[in-house]
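2 protein chains.
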Amino acid sequence: MKVSDIGECQLIDRLNILLHQKPDENTPARENLILDIGDDAAVFLPQGYQLVTVDSLIENVHFNRSMLNWADLGYKALAINMSDIAAMGGLPQYAVVNIDLPPDTLVSSVTDCYNAMYSLANKYQTVIIAGDTNQSSIINLAITLLGSAENPSCLLTRNAAQAGQKIAVTGYLGNAAAGLDMLLNQTEVTDESRRIFYRSFYRPKPRINEARLLVKEGVHCCIDISDGLVTDLGHILRQSRVSARIELDKLPLHPSLRLSYPLQAQNMALYGGEDYELLFTASAKVIEQISVQSHIPVTIIGEIIPGKPEELKLVDKDGRALQPEKNGWEHFKKPK
Amino acid sequence: MKVSDIGECQLIDRLNILLHQKPDENTPARENLILDIGDDAAVFLPQGYQLVTVDSLIENVHFNRSMLNWADLGYKALAINMSDIAAMGGLPQYAVVNIDLPPDTLVSSVTDCYNAMYSLANKYQTVIIAGDTNQSSIINLAITLLGSAENPSCLLTRNAAQAGQKIAVTGYLGNAAAGLDMLLNQTEVTDESRRIFYRSFYRPKPRINEARLLVKEGVHCCIDISDGLVTDLGHILRQSRVSARIELDKLPLHPSLRLSYPLQAQNMALYGGEDYELLFTASAKVIEQISVQSHIPVTIIGEIIPGKPEELKLVDKDGRALQPEKNGWEHFKKPK
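Which chain is which? The protein sequence lines are A and B, in order. Residue numbering for the first sequence follows the UniProt record's numbering, starting at 1 and increasing by one per position. Residue numbering for the second sequence follows the UniProt record's numbering, starting at 1 and increasing by one per position.
Because the hints were derived from the structure by calculation, they are not lab data. Keep in mind that this is a model prediction, so the values were computed, not measured. Fair warning: there could be bad hints in the mix.
Identical copies go unnamed one by one, so any copy, or any two together, can satisfy a pair.
No more than 25 Å apart at the CA atoms, straight line, and that leaves these computed lysine to any residue pairs for SDA-like [claimed, not checked]: (1) Lys-333 x Ile-138; (2) Lys-216 x Pro-46; (3) Lys-317 x Ser-137; (4) Lys-2 x Val-61.
Only chain A is shown next, with the shape it has when bound in the complex (with noise of 0.2 Å):
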């Protein structure tokens, strides 16, 4: 059954029991929440700081129709608003859904998407309650995430990276990079490997608790690597006005990345972006006490130095500079 046979009322109706299906438990959003789908607008209570981002997947753009999996979609649409608000500091409560559908888009395409990102939602105590479903020539799902935070002496904001603190980030870089690449050119790599590399492209792990962990101990300074390391890292460089060095051998990168990409791994991690890890800047020793709490690995891959704004130098494990290139992800541009 497409979704022009049964038209917006009764797709919304659908999606609407879909979301009221019973939660794990009574969460702090749902009692907050005073009004939700089915009005002209959704009414919340709100708590602390409010904090807001939105991130959209797009047809043939971050995704091609024949492979698309609408459950994987779902996931990560949420899941990389979820990486924001957590590249905060904040914890989500309430996400608003936008999607767009050709009219011969499957019904049951639809409810995969959203049993998935309630799915997802529900175990991070969020609650999907508004949206708007829209007729289209491609697919376009665009998720406006809001968030809480303490107090804003909690955020983890892109320009409090101060000379002399390290850089660290959690978990591993590149293998959403070679999730993609697999995707693309059908490269051949171990099933084990498979299974890691499309599991981190395609269901990237929001580090919300590990940023909790963050704010816990301190950290001010923080981003999540979207667009890839280098370009992300050159976000706070910017906005902090400081310069950095990163020792490339430090670089986490995962046992199956080095076997299957022996000469692309490094490359995949300084600029492929979509891991959705977090790359922050704190004192080695705030670094160890997270890197102790935390189930995912933390790594010092760098330091924050004096000297020119914005430069970054790349360090190989003799010492030899390597120049940063600029090919990260950008809209609009003609990739090089």
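Chain A is fixed; fit chain B onto it per the hints.
Then chain B, alone, in the frame of chain A:
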């Protein structure tokens, strides 16, 4: 100059400058803004209860590129969201703008669009605090708008209509449909009519001040007319579980509409949509009090009656019943 000539980062820099022009005055929304565009999320200190809505304008669905005026696009995308916040009895505060653009879009088109948004936002003390710019094959402008309401008892909802209440609308109905007809069919009308219809279609006024008047006078049930009077009244009837009677000769038809579309005017008012006027229910006395304070017409067009829930009676001046058509706008459905 095209957006592909400068890329996403430079485009965002330009939009950022545009959005940080000195506003007319320092408003509560600005005073409570902690962090806007430039980090992973925007941050503000919320006031009262929070309202949130999303609506988008999509190429080949809501408009065609050949007849696109970018300033009108920006204006309308924000205005229709403001209309939703108004229809809840709230005040708009913060806008999140998600824009998708083909790479060959002129930079000046994008700045025209943002200038119109900025200007309308400013007029209603609203701040554009976050957003996302994406490459796409089609133009898509989705805005999530956050607003505030003092307390839940001030909310205007769809489920609060009661038998015995009168049904009223602000302004005129059908003018936007006439504007769309002129565009699609090059219908010839007088210059004065053309100006009125185009203005209704391209530049609908969000009825924020009128909605505040409704709240002040104790109205509880309201919706904005986006999909057509019959469709939107249908939402009220369904959610309030009541029935209604509309007197067709009471429909507020602008003299220009009667003159230009003598045969279609009534249907344009009933089914046309996009008028973004307020449709509400209250006692005749309350409506009279609102009418005398309002700068635009407020017209009683019928009443909420006991009877089969959701039933809508359309009655002409001789008391004859007209069967309502089911042809309000609905996404995914093929037009009849």
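These are the hints, each one checked on the structure:
1. Lys-333 x Ile-138: The answer is both: 21 Å in one copy and 16 Å across copies each meet 25 Å.
2. Lys-216 x Pro-46: Both: 22 Å inside a copy, 23 Å across copies.
3. Lys-317 x Ser-137: Result: close neither inside a copy nor across copies, 50 Å intra and 44 Å inter.
4. Lys-2 x Val-61: Classified as both: same-chain Cα gap 24 Å, cross-chain 18 Å, threshold 25 Å.
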